[in-house]
Amino acid sequence: MKEKSERLRLKSQGIIQAAEAITARVRDELPAHGGLQAAANRVVATAKEAETVSRALRRPLSLHRFPAVFLATALCLLLGWLYWRFFLVSTLTLAIPERDASELRQLVSSAKRLKFRLVATPGSSESCDKVAAGSVDLAFVQGGIHIPRDLPRLETPSPELVLWMTREGKPQEQIRRVLTSLPHEGSHSVAQRFFADWGMSDQVEYVHLWRDLADDTDFAITDDLDAVFVVKDPATEKTLATLQRLADAGFRLQSPWLGVRVQNHPYLRPASIPAGFLSRDRSFPPEAVESYNVATFLVAREGLTPRLLHIAAHVFDGKPVSIAEREFAPSAANASEIFQGIEAFLGILVYIGIAFLGLLGLEMFTYRKRFHELNSLVSLLSMLQSNKDLIGVRNPATRGENLLYLSLCSDLLGLVSATSGYYAQENASLVFNNLSEMIHLRCDNLKINIQLKILHALIDLRKEAPLLGKGPDAASVSYEQLAGEFLVVEDLDRSPAAMEPEYQPEEPNIGQEKTSSTGSADSPGGENLPPD
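Reading the sequence shown from the start, the letters are residues -15 to 516 in the working numbering.
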């Protein structure tokens, strides 16, 4: 089994322990250097502060998580809005009568970006009860049914027609038995209002057998039946067949005239039934009849969201699109709308980016103070080490003290750089700015300078110059130092080649050669000494 490899990570405890150890060495070995002691204490404090910041970064609501969370949330919301606006197909439950409103069913089935789950009900009264109870989202309710005032509603484009038929030769004031639909449904409710306006409520008896008459072709139409009052959609074949049977049984289509009282019923719209409108051979009705259309309402439940209400308002938009609606003529107005849409979309992306960068800047603002403190520590250590030189120092005690001083400064710089790296390790967003990189570069450059100082001090200068002065206190300097001092006092504008003596060939002098070889009488020992 291969051991699982762990990532190399800095630990704050190690940095703190190393900083405390250096602080103890400064206190014990260099007690006279208060500046270095203060710098070491501050390095310990910054390391502990880095550990505190690291613990805060692990919190779920830490500041460094805000930019990423904001960006992810903004993009998710943008994608969600695009899906909701252009691709989402909503599903709504819709209560609709089983037998009526065939055109409404066709419109519902052809609606775009809408999906309906149909709930069949016996009539409009049951549909209204379901939507009022909240068991369905929408319901088709025929006019004449009481709808609670707090329920939003929309009038549909497919009203139903009032069909009022009386037996031939039967005056309206003698009508007693009226065939209608189910009790308290649309047809029955509208019939009650009509007969109330006619002043016939007390003399009319309702026979609720319209469904039996429409379903059973063998249903017998009795002679005691005086009239038929229903509100139906005449477009269905079953309704047309039933009306034809009633016409064959001696019933004639009449006008349910209300006069000015129609204003008391806002769901009624005047309508006209043309001659022959209800039969193939144009014989029924034999002449045009004035009647009324009864509006049908799409009622929404209470608490339906505005978005679903908006979708419900377009439930009747399923009609075929005409060529005029699909045409597109390039024009300045159309181009302006397109560019405005593109500009709005790009503007959203730009604002998201600006907000993201702003949050990043807010996070960097909180770290800037800490990195400025690290930068100040580097400057302090640079100033402290600049006063400790090793070249030219011959006192062993002073030389050893300065060497230890520089070594501890180098170690403290390494801990400052490690603290900066620890910040970047715990918060990856710091990698995208140069705060941490600046600290690393300054620490590395200063450590190299200190190491060069130490390296120069360790070089063994083999050539020593003669003692300057006399006595035991005479200083010994190297030839290199003497050469340096010579170059300083001489004319620095002269090049090294110009500083060398020019070679001039001498004329051979035999007398002088002999004198030189045998020596001079003034020179003891016969030595040829150079002239003073």
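Treat the hints with care, since some could be wrong.
Derived lysine-lysine pairs resembling DSSO-like cross-links, with alpha carbons at most 30 Å apart [unchecked claim]: (1) Lys(-5) - Lys99; (2) Lys154 - Lys32; (3) Lys114 - Lys431; (4) Lys431 - Lys154; (5) Lys114 - Lys(-5); (6) Lys372 - Lys431; (7) Lys114 - Lys222; (8) Lys353 - Lys(-5); (9) Lys99 - Lys114; (10) Lys372 - Lys32; (11) Lys(-5) - Lys32; (12) Lys431 - Lys32; (13) Lys154 - Lys222.
Label pairs and their in silico Cβ distance ranges [as the list claims (entries may be wrong)]: (14) Thr350 - Leu(-6): 17 to 23 Å; (15) Asp199 - Thr289: 56 to 62 Å; (16) Gly325 - Leu55: 40 to 46 Å; (17) Leu41 - Ala328: 22 to 28 Å.
Simulated from the structure, these hints should not be mistaken for lab results.
Glycine included, C-beta positions come from ideal geometry on N, C-alpha and C.
Structure-based check of each hint:
1. The straight-line distance between the Cα atoms of Lys(-5) and Lys99 is roughly 59 Å, outside the 30 Å bound, and the hint therefore fails.
2. Between the alpha carbons of Lys154 and Lys32 the distance comes to roughly 106 Å, so the proposed pair goes past 30 Å and is violated.
3. Under the criterion of a C-alpha separation no larger than 30 Å, the hint pairing Lys114 with Lys431 is inconsistent with the structure, at around 83 Å.
4. Restraint check for Lys431 and Lys154: not satisfied, since their Cα atoms lie roughly 120 Å apart, outside the 30 Å limit.
5. A threshold of 30 Å between alpha carbons decides the hint, and for Lys114 with Lys(-5) the separation of about 66 Å lies outside it, so the pair is violated.
6. A C-alpha spacing of about 14 Å is found between Lys372 and Lys431, which places the hinted pair at or below 30 Å, so the restraint holds.
7. For the hint linking Lys114 to Lys222, the alpha-carbon distance of about 27 Å falls within 30 Å, and the restraint holds.
8. Only pairs whose Cα atoms come within 30 Å are accepted, and Lys353 paired with Lys(-5) is accepted, the gap being roughly 22 Å.
9. With a CA separation close to 19 Å, the supplied pair Lys99 and Lys114 stays within the 30 Å bound.
10. For a cut-off of 30 Å, the pair hint linking Lys372 to Lys32 stands: about 29 Å separates their Cα positions.
11. Proposed proximity of Lys(-5) and Lys32 is supported: the alpha carbons are some 11 Å apart, at most 30 Å.
12. Taking the CA atoms of Lys431 and Lys32, the gap is about 23 Å. The hint holds against a cut of 30 Å.
13. A hinted pair counts as satisfied when its Cα atoms are at most 30 Å apart, and Lys154 with Lys222 qualifies at roughly 26 Å.
14. The hinted range of 17 to 23 Å is satisfied by Thr350 and Leu(-6), whose Cβ atoms lie roughly 20 Å apart.
15. Separation of Asp199 from Thr289 is about 40 Å and departs from the stated range, judged on CB atoms against 56 to 62 Å.
16. As the Cβ distance of Gly325 to Leu55 is approximately 24 Å, the hint placing it in 40 to 46 Å is violated.
17. The hint said 22 to 28 Å for the Cβ distance between Leu41 and Ala328, and at roughly 37 Å that hint is violated.
Going down the numbered hints, you'll see the structure goes against 1, 2, 3, 4, 5, 15, 16 and 17, while the others check out.
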